[in-house]
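Residue numbers (this note's numbering), protein chains in the order written: chain A, 3 to 393; chain B, 23 to 360.
I should point out that these hints are in silico values taken from the structure, not numbers from a laboratory. Hints may contain errors.
Short, incomplete list of chain B residues facing chain A, as computed with Cβ under 10 Å [said to hold, decoys possible]:
hint: 1; residue: V65
hint: 2; residue: I68
hint: 3; residue: Y162
hint: 4; residue: F167
hint: 5; residue: G186
hint: 6; residue: S250
hint: 7; residue: M343
Glycine included, every Cβ here is placed at the ideal spot set by N, Cα and C.
Residues per chain, in single letters:
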Amino acid sequence: MSAVTTGPALEGEVVEGRPAPRTWLRGEQVQVLDVRVQAPAAERRAVPRAVSGTTAQDRVVVVGSVVAGASLAWLLCFRLLPWGTPLAFVLVATLLTVVVVAVATAMVTPGPAVADKVASTVVTAGALVVAVAFGSTLVFTFVRAWPALWHVNLLTQDMAVAGPRDPLTVGGVLHAIVGSLIQIGIASAITVPLALGTAVFMTEIGGPYARVVRTVVEAMTALPSVVAGLFTYTVFVLLLGVPRSGFAASLAITVMMLPIVARAADVVLRVVPSGLREAGLALGSSRWRVVWHVVLPTARPGLATALILGIARGIGETSPVLLTSGASQFLVADPFHTVMNSLPLFVFSTVRSGEPVYIQRGFAAAAVLLTLVLLLFVTTRFLARRKGGSR
Amino acid sequence: MSTELRAPDLGAAPAATPRSTATRQTGSDLAFALGSRAVGTTVLVITGGIGLFLAWQAVPTLRHYGLRFFTETDWSPETDHIGILSVLVGTFTVALVAMVVAFPLALASALYITEYAPLRLRSTLVAAIDLMAAVPSIVYGLWGFFLLQPQAIDVARFLNAYLGFLPFFHVDTDPRLAQWEQSRFTASAFVAGLAVSMMVLPMACAVMREVFSQAPAGEREAALALGSTRWGVIRSVVIPFGRGGIIGGTMLSLGRALGETITVLLIISPAFDLKLKPLEIGTETVSALIAGRFGEASPSQLSALLTAGLVLFLITLVVNMLAAVIVSRGRSGQGTDI
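Go ahead and model the full structure; you've got the sequences and the hints to work with.
So this is what it looks like as structure tokens:
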């Protein structure tokens with residue numbers, strides 16, 4: 003009996019508990035391996051057909067289309083028409099690439115493949131545009147801040163003695179950093195317990211009253227930050243006589259952050275499986291114990307993410323601070339009595355001044371602010387990843 | 023032998039009373055319930071108080087100006103002409119430009135992340151979108167003002183030169199001049215809208231991506247088994263399933279775009295003309311108006327600013343609530359809980 007027979011294999015031929023391979027490579031002639039006998043050579047082994055990935059033709063079409071689109075766009079923008087700017091080139095190149103992809107695909111594989119290729123090109127191009135825009139935001143900020151970031155005095159001095167024309171070797175943003183940290187510290191100290199308590203109340207106590215609270219909190223997440231600032235300015239600064247200070251700014255940030263953080267924490271607590279709560283209650287623990295030992299630990303990574311993202315939002319928001327804190331040019335550690343500066347406010351005021359050196363300082367402050375937010379964000383990712391590791 | 027049944031003495035047995043199954047909270051539970059109720063009440067008073075205060079502050083303005091507050095275009099307290107019509111139009115123009123740019127880009131990014139990106143890259147891209155949402159708006163403002171604006175005015179000039187016959191793209195200058203007036207195209211609603219679009223894009227993209235990733239695997243595989251291409255799967259399964267998320271996410275980011283202050287304030291030059299020319303210099307939005315005018319405001323002007331803020335808040339509120347309803351109505355909005 004020969005090891006290789008031609009013709010279709012019958013299912014009954016497969017014995018000894020060895021399953022037949024699902025697909026065979028189609029060759030010159032149909033070869034079916036008789037699995038009762040060990041295949042002696044490696045070439046006899048059935049190779050499954052690849053069902054994913056792209057063919058060489060697909061790749062050639064895509065790469066060729068991108069090259070053709072870019073070349074045509076270069077010709078059009080820089081040789082034929084007076085549109086020679088980088089942005090115009092990118093836009094025209096993207097458009098022409100899509101057209102070339104459509105034509106090329108229609109030539110090699112007409113039918114539904116044309117729509118598929120065009121769609122994948124458009125989607126990928128859109129994602130690339132977003133990536134370029136976001137990447138340019140980060141890179142641009144740090145590149146413009148680079149000359150100022152070189153000087154250590156940026157982080158150790160304030161602007162008390164530095165005038166608008168003074169070089170970057172004098173003065174820094176220490177007062178803005180300290181102000182930002184003090185303001186966000188006070189705001190977090192007020193916001194975090196209130197928001198957590200409200201979220202626990204809305205999910206764990208429940209009832210019609212909790213629904214009212216949830217509706218109002220969700221509605222107030224729509225409050226624009228500048229209106230939160232104007233509210234704080236009118237009520238606390240004008241009516242109650244709180245001086246324009248770091249404390250007033252903290253209150254404005256609190257007003258803005260509180261609904262956002264409370265709602266995010268509520269969303270996180272709501273997805274804690276109710277089976278866990280019921281198990282805790284069935285074991286005889288009180289509701290308070292269940293919340294403290296079951297619900298909050300289960301939701302800890304999500305809660306940390308919600309809180310830190312809320313804090314990142316609060317530290318970067320300019321408009322509430324703009325209306326309430328005033329702006330000092332020197333280091334202020336007392337949040338209650340005098341005006342105080344902060345990073346976003348410092349960026350805004352220096353950039354608007356029009357002085358080149360001031361603008362550079364503003365970019366440096368923006369880079370510091372961005373670094374702070376990045377640090378907070380990395381912390382969040384770290385906490386979120388710990389969740390995945392422990393499960 | 024027969025079994026003798028003793029007749030029960032029905033009258034003497036005490037009436038059966040069901041055991042009370044209602045729980046009465048005691049001790050720490052009671053303290054917990056009361057404590058968290060108190061916290062909830064505090065937050066309700068704070069947040070609700072803001073809304074009530076805004077409404078209360080709006081009364082004198084609305085009583086003084088009446089409906090003229092919504093139809094007057096000028097904001098000149100010196101001549102007692104205060105209205106928010108042109109400001110509202112400006113707000114919507116900026117938000118509209120932002121959404122026209124942000125919506126297709128957010129949709130494309132969300133589809134790319136869920137459908138096209140390599141599996142290894144996917145979590146990194148999701149984190150990148152979250153990071154985009156966390157970047158302070160002033161940074162996008164700097165980007166828009168210093169990097170984007172010199173480029174964007176060329177695009178604006180192009181749109182005006184070739185599509186200027188449409189009223190939306192009209193600018194009062196000739197774009198075909200060799201020495202064209204660049205300053206007519208700067209500080210416009212178009213440039214501000216582009217910068218705001220970068221700010222609101224991650225929010226829309228996150229919602230859409232979340233919904234797309236929940237599209238049922240069985241339906242995807244069914245479409246593939248019927249011979250559909252990847253685009254066919256997207257068109258027939260992913261997008262119909264995620265329609266609620268697409269609309270809801272877009273409206274949520276529209277709410278954010280309407281209230282954005284600092285990016286707009288940095289870029290636009292204030293102008294109170296009632297016009298629908300986003301490419302031309304000068305516009306004004308409600309939030310930029312508040313941020314620009316609060317300092318020198320008298321009590322009556324402050325009330326007018328608060329009224330403008332209330333109007334902005336109410337618009338945002340309606341948009342957000344519609345978004346929430348649309349997101350929760352879709353198939354994808356149904357929660358999963360064990």
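Would the hint on F167 (chain B) stand, with a C-beta cut-off of 10 Å toward chain A?
-> The hint holds - F167 (chain B) has a Cβ within 10 Å of chain A, the shortest such distance being about 7 Å.
Interface hint compliance - M343 (chain B) to chain A, C-beta minimum distance less than 10 Å = Interface hint status for M343 (chain B): holds (7 Å vs cutoff 10 Å).
Mind checking the CB of Y162 (chain B) against every CB in chain A and telling me if the closest is under 10 Å?
-> With a closest approach of 6 Å, the Y162 (chain B) hint holds.
Please verify that hint: G186 (chain B), Cβ, nearest Cβ of chain A, below 10 Å or not.
-> Nearest chain A Cβ about 16 Å off; hint violated.
Does S250 (chain B) pass the interface hint, meaning its C-beta sits closer than 10 Å to a C-beta of chain A?
-> 8 Å, holds
Hint check, I68 (chain B) versus chain A [nearest Cβ-Cβ separation less than 10 Å] | Since chain A brings a Cβ to about 7 Å from I68 (chain B), closer than 10 Å, the hint holds.
Is the shortest C-beta separation between V65 (chain B) and chain A less than 10 Å?
-> With Cβ-Cβ at 4 Å, under 10 Å, it holds.
Violated hint: 5 only; the structure is consistent with all others.
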